[in-house]
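Trainee: Listed here are the chains, written in short residue letters.
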Amino acid sequence: MINTVTKNYVDGDFVSYQVTYVNSNRAKSVPLATDNTDYQAIQEWIADGGTVIDNPPE
Amino acid sequence: MAISKVTTASITDADITTAKLAYDAAPFRNIVINGDMSIAQRSTSVSSITGSGYNTVDRFRTNMGTAGTWTQSQSTDVPTGQGFATSFKMDCTTANGSLSAGSFLIIDQRVEGQNLQYLKKGTSSAESTTISFWVKSAKTGTYIVALNDLDNSRYIANSYTISSANTWEKKTITYAGDTTGAFDNDNASSLKVQFWLVAGTTYSSGTLATSWESNTNANNAVGQVNLADSTSNEWYITGVQLEAGTSASDFEFLPQDVNLQRCQRYYFVQCDGSVSAAQDIGIGTYYTSTDLRASFSFPTTMRTTPTLEVETVTDGYDFRRNGGVDRMDDFVLNNASLTSASLINNSDVSGTAGQAGHLFSDDASCFLAVSAEL
Numbered sequence: 109m110i111n112t113v114t115k116n117y118v119d120g121d122f123v124s125y126q127v128t129y130v131n132s133n134r135a136k137s138v139p140l141a142t143d144n145t146d147y148q149a150i151q152e153w154i155a156d157g158g159t160v161i162d163n164p165p166e
Numbered sequence: 043m044a045i046s047k048v049t050t051a052s053i054t055d056a057d058i059t060t061a062k063l064a065y066d067a068a069p070f071r072n073i074v075i076n077g078d079m080s081i082a083q084r085s086t087s088v089s090s091i092t093g094s095g096y097n098t099v100d101r102f103r104t105n106m107g108t109a110g111t112w113t114q115s116q117s118t119d120v121p122t123g124q125g126f127a128t129s130f131k132m133d134c135t136t137a138n139g140s141l142s143a144g145s146f147l148i149i150d151q152r153v154e155g156q157n158l159q160y161l162k163k164g165t166s167s168a169e170s171t172t173i174s175f176w177v178k179s180a181k182t183g184t185y186i187v188a189l190n191d192l193d194n195s196r197y198i199a200n201s202y203t204i205s206s207a208n209t210w211e212k213k214t215i216t217y218a219g220d221t222t223g224a225f226d227n228d229n230a231s232s233l234k235v236q237f238w239l240v241a242g243t244t245y246s247s248g249t250l251a252t253s254w255e256s257n258t259n260a261n262n263a264v265g266q267v268n269l270a271d272s273t274s275n276e277w278y279i280t281g282v283q284l285e286a287g288t289s290a291s292d293f294e295f296l297p298q299d300v301n302l303q304r305c306q307r308y309y310f311v312q313c314d315g316s317v318s319a320a321q322d323i324g325i326g327t328y329y330t331s332t333d334l335r336a337s338f339s340f341p342t343t344m345r346t347t348p349t350l351e352v353e354t355v356t357d358g359y360d361f362r363r364n365g366g367v368d369r370m371d372d373f374v375l376n377n378a379s380l381t382s383a384s385l386i387n388n389s390d391v392s393g394t395a396g397q398a399g400h401l402f403s404d405d406a407s408c409f410l411a412v413s414a415e416l
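From first to last, the protein sequence lines are chains A and B. Residues 109 to 166 in our numbering are what the first sequence spells out, letter by letter. Residues 43 to 416 in our numbering are what the second sequence spells out, letter by letter.
Calculated from the structure, these hints are not laboratory results. Check before you lean on any hint, since a few could be wrong.
Unchecked claim - Pulled a few chain B residues facing chain A out of the computed Cβ check, cut under 10 Å: (1) I58; (2) D133; (3) I215; (4) F338; (5) R345; (6) T347; (7) V355; (8) M370; (9) A414; (10) E415.
Unchecked claim - Derived contacts from chain B toward chain A, CB cut-off under 7 Å, selection only: (11) Q283; (12) E351; (13) S379.
Yeah, the Cβ is synthetic: ideal placement off N, Cα and C, and Gly gets one too.
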């Protein structure tokens, strides 16, 4: 079960999602690829009311 | 009088049968990847499974809701004398004898549409397909195997019977070709090959869809026994082969390296500390004094740009450079393609910009993989 989803920024660009899971130390970095099934799962999670943590670099 | 010379003209075409040819006339005929259950990159055993996902044997996904608790493993219990060394095992550890309407437990394999075009689905020349497999279960009765067309929301199922408990049995089921709905010619999941183990009334209250039809939940798994009703229940399967045609050929054993490479299109483990704590992950450099980047290549082209999976381990990963070691807990994905990935850590380390080195794991808990699963 997804715990948190956070946007990863590199060199100022949003490059991937960081996903953590309940009761797990294994995290996923999910690329912004529409045919990636983890990316699709994040979009479903957002559609179901999940909130992405977004802390863009200043 | 003896024939002294056999010429082409002396043998009719019809007499040259596949059995008489000394080679496999239809290589890679098995639509199912890793049907002999020999590849298990993630783990050989996972316990306390209550939900959906990939756990052990490559390419075989668990789909579960309110159907007890299970241990899944790659087993060495196999049918005698058939050439198999491994099987896929489901072991019920917490029973659910009173299913909810929506309870389900399915083991499936998902297939890319571009690998199915030769079935000519959706045309008047649509091919029949035949699935064969070896199965063993502690619970006798009726089980359902289905083909689920995800592109056109169409479905066909058939049943097999476990007639003798705890005994390996070979099953063969043929499905008619479907003249409606072509598979998309792309890298997405077009077909699910589904082995039902548990089905609540949502999936079993209608009439089993033994001909291709529009997918209706109630017709999915009519008659399916509840394999979750006892902790004595175990289910094994191996030798899964789905092929074009109306008969099952012998299982197509592939060399281990070929089988592994086919699985690595979907999942690839770059570092597994349980195998060896210290493993070389890749070459890296300090992009800035607090920004370490490293990269590695995949052994085969992946299905799509993959997800990076990393086990967070306190100081579990080393960057060895200039005679010293910098330690970090994890990484995130910087960039990835179908053939390589770049990692970044800008929270745990500091060094000299431009300094290069090797990234290693340094703990038995470390794990790093890429996933492009369906």
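Trainee: Each of the hints needs a verdict: does it hold here or not?
Mentor: Hint check results:
no. : hint : in the structure
1   : I58  : violated, 44 Å
2   : D133 : violated, 21 Å
3   : I215 : violated, 28 Å
4   : F338 : violated, 14 Å
5   : R345 : holds, 8 Å
6   : T347 : holds, 4 Å
7   : V355 : holds, 7 Å
8   : M370 : violated, 13 Å
9   : A414 : holds, 7 Å
10  : E415 : holds, 6 Å
11  : Q283 : violated, 25 Å
12  : E351 : holds, 5 Å
13  : S379 : violated, 9 Å
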